[in-house]
Amino acid sequence: MDSPVEKTTLQFIQWSDLYTTEKPFQIFIDLPPSAGDARRTNVVFEQREVILQDMRGSESSFSLDRHGFIARHHARIPGLESPTTSFIETVYLPAVIELLKREVEGADRVVIFDWRVSRSAHARAEDESVDLKDLSDRLAPARSVHVDQAPLAAFRIVSRELPQEAEELLRGRFRIINVWRPLQHAVEDWPLAVCDGSTVDDNDLLETDIVRRDFREHVGANMFALHRERYRWYYLSRQQPDEVLIFKQFDTESGVKARFCPHSSFKWSRAHKGALPRESVEVRALVFTDA
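Residue numbers (our numbering): 1 to 291.
Treat the hints as calculated values from the structure; they're not laboratory data.
Because the structure is a prediction, the values reported are computed rather than measured.
All C-beta atoms, glycine included, are put in the ideal place defined by N, C-alpha and C.
Don't take every hint at face value.
Result set (DSSO-like, lysine-lysine): computed pairs, CA atoms no more than 30 Å apart in a straight line [what the hints assert, rightly or not]: (1) Lys257 with Lys7; (2) Lys273 with Lys7; (3) Lys257 with Lys273; (4) Lys101 with Lys257; (5) Lys7 with Lys267; (6) Lys23 with Lys257.
Restraint ranges, calculated between C-beta atoms of paired labels, are given here [as the list claims (entries may be wrong)]: (7) Asn42 with Glu167: 11 to 21 Å; (8) Ser58 with Gly255: 34 to 44 Å; (9) Asn42 with Thr252: 25 to 35 Å; (10) Ser63 with Ala35: 19 to 29 Å; (11) Val111 with Ser269: 31 to 41 Å; (12) Glu103 with Thr252: 12 to 22 Å; (13) Val44 with Arg270: 29 to 39 Å; (14) Val111 with Thr85: 12 to 22 Å; (15) Glu103 with Leu152: 24 to 34 Å; (16) Ser34 with Ser159: 28 to 38 Å; (17) Val111 with Glu229: 33 to 43 Å; (18) Phe113 with Arg66: 22 to 32 Å; (19) Gln184 with Thr9: 21 to 31 Å; (20) Lys273 with Val44: 31 to 41 Å.
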């Protein structure tokens, strides 16, 4: 039987006094020859040991507003084992919308704005240039503790995706929520670790500019976490293809304990020798509550 406690290392952003004068940044496109600064990033990460608690058997103890994440059963969908872009967009995404409306309190409207398939055996490094227009291009699992969207970037997504409705929709509560699941088999290779958002303060996270596609049109921003001993970490051991992790990236409701959920993949010490590579799909959704 697996131990409910896992000791591992996670990758956190390392504080630099440089950030008092310039913002952290990462560039995922080729720099033009005319670029005066050839740096692709000013971010340095550090490895720190953490303790993760297995939530297996106590899934009902967690809530989105108290912890920032939940684990739920979601029936396997035939065809999702090796999905095409068309299958994801026409079959799986509608199923995710229904799931979120059922599991997330106040989910009056759900709009999916992004999805990605990742595979742990993929050779690309995290800082390598990627073509994010090609949704079928499998990405390596993220191995640094982060939140997908910084606050201003979250509002920009609403304006970009729903320009005619943004003003009205933003009068009510607005959240960004991710849905993550394995595709083919139980996850042993690079499972997902999620942090109890109630143990994280705003100043524990460093907003970082993320440059993709075009400097003028697409500068996003995520948040990397500084290491803190007070964080509480969890994972779902041997997560199955009929189990989903639902976790929060942003929330306009300031009164809840967890407004976001830092997360990262990690190397699991109890993986069987020869464990199959992790292949997973992650969906990102805008969730609106009527004003």
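Now for the hints, and whether the structure bears them out:
no.	hint	result
1	Lys257 with Lys7	holds (26 Å)
2	Lys273 with Lys7	holds (18 Å)
3	Lys257 with Lys273	violated (39 Å)
4	Lys101 with Lys257	holds (21 Å)
5	Lys7 with Lys267	holds (10 Å)
6	Lys23 with Lys257	holds (27 Å)
7	Asn42 with Glu167: 11 to 21 Å	violated (35 Å)
8	Ser58 with Gly255: 34 to 44 Å	violated (25 Å)
9	Asn42 with Thr252: 25 to 35 Å	holds (30 Å)
10	Ser63 with Ala35: 19 to 29 Å	violated (46 Å)
11	Val111 with Ser269: 31 to 41 Å	holds (39 Å)
12	Glu103 with Thr252: 12 to 22 Å	holds (19 Å)
13	Val44 with Arg270: 29 to 39 Å	holds (30 Å)
14	Val111 with Thr85: 12 to 22 Å	holds (18 Å)
15	Glu103 with Leu152: 24 to 34 Å	holds (27 Å)
16	Ser34 with Ser159: 28 to 38 Å	holds (30 Å)
17	Val111 with Glu229: 33 to 43 Å	holds (38 Å)
18	Phe113 with Arg66: 22 to 32 Å	holds (26 Å)
19	Gln184 with Thr9: 21 to 31 Å	holds (27 Å)
20	Lys273 with Val44: 31 to 41 Å	holds (33 Å)
Consistency with the previously given hints fails for numbers 3, 7, 8, 10, ordered from lowest to highest.
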